[in-house]
Amino acid sequence: MRFRPKEPAGTLPAPKAVENKLIIISPHWEGIRQEFTRAFQRWYREQAGVEVEVEWLDQGGTSDDLRYVKSEFSRRPEGIDIDLFFGGGKDIYLELGRLGLLLAYKIPDEVLEELPATFSGITLRDPQYRWYGAALSGFGVIYNKVILQENNLPVPEDWEDLADPLYFGWVGSGDPRSSGTARMMYEIILQAYGFEKGFDIITRMSGNVRSFTRSSSDVPKDVTLGEAAVGLAIDFYAWSEIERAGEEKIGYVLPRRLTVINPDSIGILRGAPHPEVAKDFLRFVLSEEAQRLWMLRKGTPGGPQEFELLRMPVLPAMYEKYKDQSSVKLNPFQWGEAFDYDSEKGARRYGILNDFLGAMVIDTHDELKAAWKAVIEAGAPEELVKELARAPLSEAELLHLAESTWSDQRVRNETIARWVQFALDKYARVKKHAQQS
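In this note's numbering, the protein residues as written are 1 to 437.
No wet-lab data here; the hints were simulated from the structure.
The beta-carbon is built from N, C-alpha and C at its ideal position, and this holds for glycine as well.
Heads up, some of the hints might be wrong.
As the list claims (entries may be wrong) - In silico lysine-lysine, PhoX-like type, Cα no more than 20 Å apart, as pairs:
1) Lys-373 / Lys-386
2) Lys-21 / Lys-279
3) Lys-221 / Lys-249
4) Lys-432 / Lys-386
As the list claims (entries may be wrong) - Pair by pair, the computed Cβ-Cβ distance ranges are:
5) Glu-196 / Gln-305: 21 to 29 Å
6) Ser-407 / Pro-316: 36 to 44 Å
7) Gln-149 / Ser-407: 34 to 42 Å
8) Glu-306 / Gln-409: 41 to 49 Å
Please put together the full structure from these sequences, using the hints given.
Structure follows, in structure tokens:
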């Protein structure tokens with residue numbers, strides 16, 4: 001931290017000017033950006049006696065932000081004029097760390113002691129100090145109670161429920177190629193059920209999806225509006241809709257033993273143009289002053305001023321200390337219903353999984369929906385359902401591709417084209433057989 005030197009006696013202090021700057025790339029929504037900017041600028045002014053300018057960048061979502069950072073580093077390996085990556089989960093930080101794109105920084109011991117190293121088997125901070133969990137996020141299903149009742153649809157309890165033919169045309173989902181939240185939920189499904197069954201659930205669920213939205217934040221809004229009855233949602237977007245529309249209309253479930261509560265992380269990028277300010281911001285984000293912004297009600301002393309963030313802090317002590325002022329009702333450190341998620345596996349196949357899902361269920365979505373509709377109308381015979389969800393490769397083959405030749409653009413493009421054709425042929429064949437049965 002740099003401090004302004006004292007003015008000589010008998011002189012007037014010069015007008016404060018912006019002496020420091022911070023550039024952050026982040027998929028975080030506007031409320032988080034404004035509240036953290038306001039609080040950090042106040043904190044920095046009190047600590048250093050100077051102003052700091054904060055600039056936020058976003059390419060459209062976590063996956064797009066990661067793609068942009070990797071692309072820029074391929075052109076400018078010494079640095080890309082961005083200080084920090086903030087938000088987007090955890091898996092992308094494992095990928096950035098693997099590529100050597102993060103700057104190690106050990107926060108002071110007194111701060112480190114308050115942040116657990118692990119939680120329910122999930123690492124909350126990098127052992128090499130390249131990234132830290134800044135908040136916690138749960139992944140589940142949001143549902144519109146009114147729409148479900150009007151259409152005699154059951155309340156979903158887990159991911160597999162969303163693959164039920166009853167929900168045809170009623171499911172909302174973000175596009176995992178642009179939304180890190182959506183990608184995380186598809187990764188969770190594949191790991192929670194195993195690759196083969198998980199892909200079966202994803203295929204049938206995608207057949208039920210009305211359309212894939214670019215942003216995962218659109219899904220809870222669509223559910224509240226009744227354009228979808230159920231949808232994949234991260235906790236704080238769902239809680240925001242419940243806060244706005246009321247518990248009598250909107251519900252949210254975290255599938256027991258089939259989901260995770262994961263850190264939403266932060267890390268300093270290699271070649272950061274303002275490394276000292278970046279370190280200050282990282283320390284601030286993990287301080288009690290910043291952590292209470294996540295959970296306190298808007299207008300509460302020490303809380304957010306304009307936006308209620310409805311996020312779970314990463315510091316365990318916050319939940320008991322602020323329980324009476326908190327807008328967050330779940331204490332994740334007492335929940336204990338997660339499964340053992342493999343972050344390393346998720347990071348290793350981050351990019352290829354996006355491409356795989358894009359080819360199999362998104363770019364071929366119209367054909368998938370038509371085939372699934374025909375299968376449903378034929379009574380959903382087991383052999384046709386099995387063929388509908390057949391994958392062109394195994395999990396081991398997907399991981400091998402990810403770690404061997406996927407960085408070769410020619411191999412990637414040719415493989416995606418083969419997957420698309422595989423999906424189109426499969427859906428046409430299934431639809432034809434279903435209509436003939």
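Can you confirm whether the C-alpha distance between Lys-221 and Lys-249 stays at or below 20 Å?
holds, 13 Å
Taking 20 Å as the top limit, are the C-alpha atoms of Lys-432 and Lys-386 close enough?
Cα-Cα ~15 Å, so holds.
Within 21 to 29 Å or not, the Cβ separation of Glu-196 and Gln-305?
Violated, at about 49 Å.
Beta-carbon spacing of Ser-407 to Pro-316 - inside the hinted bounds 36 to 44 Å or not:
holds, 40 Å
Gln-149 and Ser-407, beta-carbon distance inside 34 to 42 Å?
violated, 50 Å
Taken at face value, is the distance from the CA of Lys-386 to the CA of Lys-373 at most 20 Å?
holds, 15 Å
Does Lys-279 lie within 20 Å of Lys-21 when you go C-alpha to C-alpha?
With a Cα-Cα distance of about 12 Å, the restraint between Lys-21 and Lys-279 holds, given a limit of 20 Å.
With respect to the beta-carbon atoms only, verify the hint that Glu-306 and Gln-409 lie 41 to 49 Å apart.
holds, 44 Å
Of the numbered hints listed earlier, those contradicted by the structure are 5, 7.
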